[in-house]
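These protein sequences, in sequence, are chains A, B, C and D. Heads up: the first sequence begins at 1 in this note's numbering, then just goes up one per residue. Heads up: the second sequence begins at 1007 in this note's numbering, then just goes up one per residue. Heads up: the third sequence begins at 1423 in this note's numbering, then just goes up one per residue. Heads up: the fourth sequence begins at 1640 in this note's numbering, then just goes up one per residue.
Some hints could be false.
Claimed, not checked - Here are the simulated lysine-lysine pairs, PhoX-like style, with alpha carbons at most 20 Å apart:
1. 888(A) x 696(A)
2. 128(A) x 1036(B)
3. 782(A) x 1559(C)
4. 782(A) x 808(A)
5. 146(A) x 1008(B)
6. 1071(B) x 53(A)
7. 1008(B) x 128(A)
8. 917(A) x 888(A)
9. 808(A) x 1428(C)
10. 53(A) x 1274(B)
11. 1034(B) x 1017(B)
12. 146(A) x 1295(B)
13. 1071(B) x 1036(B)
14. 1071(B) x 434(A)
15. 1274(B) x 128(A)
16. 782(A) x 862(A)
17. 917(A) x 890(A)
What the hints assert, rightly or not - If you only want the chain A side, here are some residues facing chain C, beta carbon under 8 Å, derived:
18. 605
19. 606
20. 678
21. 736
22. 885
Claimed, not checked - Partial list, computed: chain B residues near chain A (C-beta under 10 Å):
23. 1031
24. 1142
25. 1233
26. 1237
27. 1278
28. 1350
Please keep in mind that the hints were generated in silico from the structure rather than gathered at the bench. We treat Cβ as the ideally placed atom computed from N, Cα and C, and that holds for glycine.
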Amino acid sequence: MKAVNRLGSGARTDSAKTINFTYNGKPLQGVAGDTLASALLANGVNLVGRSFKYSRPRGIVGHGAEEPNAIMQIGSGAGTVPNLKATQVELYEGLEAASVNGWPSVNFDLMAITGWFGRLMPPGFYYKTFMYPAKLWMTYEHFIRKAAGLGSSPVQNDPDSYDKLNQHCDVLVIGAGPAGLTAAREAARAGARVIIADEQSEFGGSLLASTDIIDGLPATEWLDAIVAELQGFANVQTLPRSTAFGYYDHNFVGILERRSDHLGLTAKTGARQRLHRVRAKQVVLAAGAFERPLVFAHNDIPGVMQASSVSTYVNRYGVAPGNDLLLFTTNDNAYQTAIDWHNAGRTVVAVVDSRLNPTGERVAAVTALGIQVMAGHGVIEAQGGKRVKRALVAQLNAEGTQVIGPVTKIACDLIASSGGWSPAVHLSSHTGAKPQWDASIVGFRPGKSQQQERSVGACGGTYTLRGCFEEGASAGAQAAMLAGFGDDSLMFPVPEVLDIQEQPQQALFLVPHTKSTSRAPSQFVDLQLDVSASGIELAVREGLESVEHIKRYTAMGFGTDQGKLGNINGMAILANALGQSIAETGTTIFRPSYTPTTFGAIAGRDVGELFDAERYTAVHRWHVEQGAMFEDVGQWKRPWYFPKQGETMQEAVDRECLAVRSSVGILDASTLGKIDIQGPDAAEFITRMYTNSYLKLAPGKCRYGVMLKEDGMIFDDGVCACLAENHYLMFTTTGGAAAVMAWLELWKQTEWPDLQVYFTSVTDHWSTATITGPNARKVLAKVCDDLDLSADSFQFMDWREGTVAGAKARVFRISFTGELSYEINVPAHYGRHVWEALMEAGEEFDITAYGTESMHVLRAEKGFIIVGQDTDGSMTPADMNMDWVVNKNKAFSFIGKRSLERSDSVRENRKQLVGLKTLDGAEVIPEGSQIVFDSKQQIPMSMQGHVTSSYYSANMGHSIALAVVKGGHSRLGQTVYCPLANGRTIAAEIVSSVFYDPQGERQHVE
Amino acid sequence: MKRYSGFSLFKNALSYHENWQKIWRSPKPKSDYDVIVVGGGGHGLATAYYLAKVHGITNVAVIEKGYLGGGNTARNTTIIRSNYLWDEAAQLYELSLKLWEGLSQELNYNVMFSQRGVLNLGHNLQDMRDIERRVNANRLNGIDGEVVTPERVKEIAPLINISRDCRYPILGASWQPRGGTARHDAVAWGYARGADALGVDLIQETEVTGIRRKNGAVVGVETTQGFIGARKVACVTAGNSGVVAAMAGLRLPVESRPLQALVSEPVKPCLDTVVMSNAVHGYISQSDKGDLVIGAGVDGYNGYGQRGSFHVIEHTLQAICELFPAFSRVRMNRQWGGVVDTCPDACPIISKTSVDGLYFNCGWGTGGFKATPGSGYVFADTVANDRPHPLAAAFNIDRFNTGALIDEHGAAGVAH
Amino acid sequence: MSNNIKRESPLKYFHRLSSKVANRSVGELFNGEAEFALVVQESPVISHLNLRGDANDQLFCSAVAEVLGLMVPRQPGTYHCNSEHSIYWLGPDEWLLVSQLAADELETRLRKNLSGHISIVDLSGGQTLINLRGKPKALRTVMKKSSVYDFEAWPLAEADCGRCARTTFAKAGALISNRADGSYDLVIRRSFADYIGQWLLDASQEFGCRIEGDSVN
Amino acid sequence: MLLIHCPHCREDREEEEFHYSGEAHIVRPLEPENLSDEEWGDYLFFRKNPRGIHHEMWHHTAGCGRYFYATRNTVSYQILETYMVGEKPQHTADSAGASQ
Ligand SMILES: Cc1cc2nc3c(=O)[nH]c(=O)nc-3n(C[C@H](O)[C@H](O)[C@H](O)COP(=O)(O)OP(=O)(O)OC[C@H]3O[C@@H](n4cnc5c(N)ncnc54)[C@H](O)[C@@H]3O)c2cc1C
Ligand SMILES: NC(=O)c1ccc[n+]([C@@H]2O[C@H](COP(=O)([O-])OP(=O)(O)OC[C@H]3O[C@@H](n4cnc5c(N)ncnc54)[C@H](O)[C@@H]3O)[C@@H](O)[C@H]2O)c1
Ligand SMILES: Cc1cc2nc3c(=O)[nH]c(=O)nc-3n(C[C@H](O)[C@H](O)[C@H](O)COP(=O)(O)O)c2cc1C
Ligand SMILES: [Zn+2]
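Excised from the complex, chain A in its bound form:
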């Protein structure tokens, strides 16, 4: 295919360097500097897709972020990306592009849809139909869903990685057009740390397509110089291809930098995209403005384009998207498009100007070229199928609300329209600033600043180039000053440009037709979602009055362009239908993303194995080497069980549990939280936090405690040891460690600042090896010769400092298995050494490493609870049969005490911890089973409790379970039932929660 519309090199393209790409499988050529859109237009591609609802043919209308139609699937396979706007895709060798909506087959009668079916689909039609018969809705929906979506998500994992930078700067400039560039230059010269970002591939904004002369130079040359100047500053970061997508509180701006997409989607150069998380002291918004299209009948036919886009394609890319241009405008500025088109050597059929008497300098220039200007006229309808063939032009009344003359048909294949400009108020709106209607510019200006920001240039409603320079420069200097740099005075002369005299524009939001809006051919407002002027009027007729209701009823602005093209027209049409002003009607809310932002980039590096930190103990590598299976407990990886060759989990756990009770086992308990507590008030403080008292705990002694929240419910538990006078060590659960630490600090710092006590987390400092079982002492004795381990001198609930395998250790004689146990704590850099020494010492006793699963079984055999498994935030110590741990007579009303006396806490029939013994001992009740007293009832059943922990106990030779049952403590011996999902019911007897060694004799191995 020949590039029929290629004029040669544009200001930013090089026609000597060709680039091959495919579009819907067809090979095409573009040139260096092209976007996909300019290359498609160069090749004469009219149709780029079909509309969402009515499947109407659509062509490219814009040249940037505002493009609603040219939505493409780029690339294939794992690297594919859906929904890129062709206007924002830089061409690269081998690019594959495909339109996202079913490509029309030749025989497909496109207009039929808009004719009749289209009329059956006014806004809100879903809500009015598909209701009967009710059961068919899911079928209807199935078909509705088939039509859903634009492009397709990849189905393979993303091969790319993404990156983030936390940036801090004094002045952030968003947009590198004339306003932004001058702002950045002034701020940089003042010495501020400056970041300037622009969404486009190169800096320059509108200057990239400008024919202006600046400081005596062609705009693009002047541009190259200032960009080079900026890059020369050490304190400036220039970020092209970088979109500020969201403006958040306290001057936090998210910027997405596309680093390699322009090289090819599979180009591997490190991170594909980078998210800059910018905290700026001051922000200058110089994001430009969007040209507003004119809304006339069938304004969606391919070949209807934005006037500024036509100029951009001609000047910047060297592409003329058609032959015979008809320009339709309400303002002087767009006349430039006629001049550009004429200079490109193509025909300007006519300029249709809605104003009665346009006389500005550009108008004069156009007339001088011999181009016909039809003042006081409007294009009321475009005609054509897949491409504009002609325009229907008619005389309008002065207000532009009525057709008052005959309709003439003017042949053309390109209609450029300009209804004026709308400042890009998006980012300022993100901050909560409400855009303000300003009739003098026929547009919404950014509202009052809510943050340290200002909008300059076209973004603030200033449209002259000189004005943009002036505003940009002074905003840059001012922002720098407010950030602490310079004195607000300008360092550079404002660039010299020619002033062009312009006449006021006309406000025209809906071009009248000879037929009423409801009967005229569709006049599209939002092209992506097929929202038309008649749809908006219909919604108003149906009683919807709020602009937000209109948005939601018609879907206006919901698309991937977020209404950049159509919203202002839509709001004005709404205002008119409601008979109120545009100011009263207001806008919908602009929110991030300014343009869509890649999920992966927002996720950054924190994906896959780095999704969350994995915390390891000092012995972790040993566990890995032994082939342990791991369990996630919070961020920790804990060995779950250590299967031997060919063992099932149950076999491994049985073996581990038996080993502990018959000889000795070893557990890595390093993950338990440990808090060092020092200070004269330490005992008092600890006593306030636990339900029992620590005032009399002597050095060398340990005590088990339960901590409640103020609501009286169990929050954490663990042992607390007195290390020395005024010095304690508190153990917490693995998962509760951070929460307990914050809890202690909260009370100490905010409620009792006078108590003298300090807390320090020592969780990571200590590596803990628990050896447990009747032979535990013998093992320890082999590697420890400075402790008297005899039962009398080192008693249960004592701790001692000694040397274990050469390392200075704290040894705690506490037990979670009911067996003789020593928890050996050594500084973690000796952790693995000591562990291996214990393994070696234990070899003769067949010492067995066990994991959390066996630990759970062993403690359940003893009826010890696990907070978070046997409790769920609604359990008191009494519920857990642990009244013994509550000291009600302490002087200070410990945390949670008062709540234990509330009526619900003392209610009978609370769920209480019990043991369950299945009638068939081989049967293990699934954890989480619900308990009923009467198995014969109908559903809904009256549930009386549930199973919290349940195991097969190899030591007992039968299954055991812990459960909480209503009134359970007085129901020992009763039979309860667990109805399972598979229809079976397991019967079990309520027994004591202590299954093994109820007298606690096994502790006392001599």
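Fit chains B, C and D with the ligands to the given chain A structure using the hints.
Chains B, C and D with the ligands in isolation, oriented as in the chain A frame:
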């Protein structure tokens, strides 16, 4: 009220849609009502509808400070399910689910309730215990649900990652087939249209600024349009409940927090169910338009800003990329926030108050959309009869004094 | 304590690992010999002590100063150091001492000098000090990738003092300080060390990074 | 995304370093036993939750580990001041004009 149907659509198309009736009137407020419902979200509108429909109380106004359904009703990720843990909550949400099942027909307005099923994923052993416990409770309460394996999860949501060697592998899930989503706006509009047709006045763009009392009893509300009298005032103002309660000198056990959500650009159907994960913290479904609707977390701090902190969005998308690595190249089109009224036990308050004639329905926090029909139903009954509906009794505000909380943090997840 | 027992520093299993420049798929670790823009050096096990006390108490300050030969930093976010010890501000009444001296010896000396309400806690096994040095751009970029803190705002460190901050590092935390040679010291927790090692290799893939250290000492 | 001035670190720090810890200045009753269930329930759960000026506790979790107070507008999210435990706020709902 003219009924909607395929036929009415056809007929109106013939006349270029020029003759549709108004969905609701925009009346001037009367001086006096039997009941004023403060708050025109889904719950408030449903309350008004059932007051009129079930209890014949039609001299009712709904007063809404913005546009109808513009609060959290407009901002939620529309997940509907009833698989709550405790009996009290499960029964309330199940009543709701049953009402959802006939709601489009009841209202003659298609709320697009789509029973595409809801998966709640488990990523560690305790998650799985909790899931077992909840599903068992649901079954015995007559609520559908089952525990499914990772392989079954993959069948239901083919793009999900069930590999065992990711950071938080999926160990299983609960699956409630009757759960799903609905079109949130349509719910508000359907109830509004229904209530309006029964005579309820819907007063928009009018803020209640005070609650006038006499001898300890309510006599009406001050509004930005002046005083409006009422015998009973029923407040259903979600995130603003604390502010409204303060007008009557009351405090509530609720805190208002920003909760965020986001949508991707529309993509072709690739996720036909709702997937939620508490542990990695994200939840996702795909709308009928094709956008992925993703719920993010609650911000750490109180706020009335309808916007939140960006790091919450970052975390959510990390979770989504963890669950669905293929979505990493999909793009975020829009994000927003709502102000949710969080209760200490993650359960609502549906209650009379210490002020005669003043009622509150709030505290739905991150999960009240699914309850809209049931909440309106039991609240209307409570207001009409001045005593708690049996299913609302447990949700009395007194529970914060007695301690009889209904801790649904597990089943409520952190947010949905 | 006997000297022949094995000590393992927290980052031991990452010593001599490096990231390939760019193109590296996540998680792929290997030994390369190329030149690396970034070097992560774990110091051998040294003493880390957490010290608490009243900064407004002259006696406390002078007693600490006497033991260390260093002023107690009272200015938030600063540290002082000499050839043997460093003392970092962690909070208004909290400091970290990193020292070449054996932890129990230092603790004993301090306790002997100090009185009143204080706390000294040995954390030597629980954390490790790693130094990040390299080409300025690489270093700056990786720091920006890893932490929300604005390190560029710091003045250059001097030989005997500089700035420090406890802040986030990836999804973990760290005490970060600058050194006179332009490099950064990080004190991180042991249980997060592997994660941080992995993070650093990943985050610096565009430059190349190598982790060094004496694994056993 | 808040930028919070930690009065201990005397620096503006990123929100990610902090944890919000609820309403400030709620004093624990000295003798909980003597409170009625209502009074105790009020202390436990009932909060001001204002729309506007709010005094709240923050914890500099990833930083100095200290708690402090902040006066923040819950609508604009503007932080008017941060101050130490034990200090009184300079800005109150009254001083800032109506609490919106
Ligand atoms: C991001 C997000 C996601 C969520 N996802 C889910 C989900 O997936 N599933 C689910 O079940 N729930 C979800 N929820 C929760 C759900 O949205 C809410 O619980 C539910 O919509 C509350 O409905 P409502 O009618 O009570 O409140 P709203 O819809 O908020 O209505 C309250 C109304 O009261 C008005 N009002 C307030 N003050 C006054 C006053 N003084 N005068 C007059 N009017 C006033 C407000 O303007 C508002 O319109 C989510 C919420 C959010 C924010
Ligand atoms: N006479 C008229 O009617 C009229 C109307 C409008 C514009 N103009 C002309 O247009 C120019 C306006 O200059 P300007 O500097 O204000 O704007 P500009 O349009 O030249 O530059 C704005 C730049 O901001 C970028 N941008 C926008 N949003 C962004 C975001 N979120 N993130 C990153 N980058 C973003 C754009 O890509 C663009 O490059 C002047 O030359 C002016 O004369 C004239
Ligand atoms: C379920 C659901 C789906 C949505 N889908 C879209 C969408 O496709 N496009 C869009 O722009 N916004 C979408 N939104 C967001 C709304 O535009 C809007 O942001 C949200 O309702 C909050 O209102 P506000 O932004 O006006 O405050 C959706 C919202 C919800 C609740
Ligand atoms: Zn701090």
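A quick look at each hint next to the structure:
no. : hint              : in the structure
1   : 888(A) x 696(A)   : holds (16 Å)
2   : 128(A) x 1036(B)  : violated (31 Å)
3   : 782(A) x 1559(C)  : violated (55 Å)
4   : 782(A) x 808(A)   : holds (15 Å)
5   : 146(A) x 1008(B)  : violated (31 Å)
6   : 1071(B) x 53(A)   : violated (33 Å)
7   : 1008(B) x 128(A)  : holds (11 Å)
8   : 917(A) x 888(A)   : violated (33 Å)
9   : 808(A) x 1428(C)  : holds (13 Å)
10  : 53(A) x 1274(B)   : holds (14 Å)
11  : 1034(B) x 1017(B) : violated (32 Å)
12  : 146(A) x 1295(B)  : holds (9 Å)
13  : 1071(B) x 1036(B) : holds (17 Å)
14  : 1071(B) x 434(A)  : holds (18 Å)
15  : 1274(B) x 128(A)  : violated (25 Å)
16  : 782(A) x 862(A)   : violated (28 Å)
17  : 917(A) x 890(A)   : violated (38 Å)
18  : 605               : holds (6 Å)
19  : 606               : holds (6 Å)
20  : 678               : holds (4 Å)
21  : 736               : violated (16 Å)
22  : 885               : violated (28 Å)
23  : 1031              : holds (7 Å)
24  : 1142              : holds (4 Å)
25  : 1233              : violated (24 Å)
26  : 1237              : violated (28 Å)
27  : 1278              : holds (8 Å)
28  : 1350              : holds (8 Å)
When each numbered hint is compared with the structure, violations occur for hints 2, 3, 5, 6, 8, 11, 15, 16, 17, 21, 22, 25, 26.
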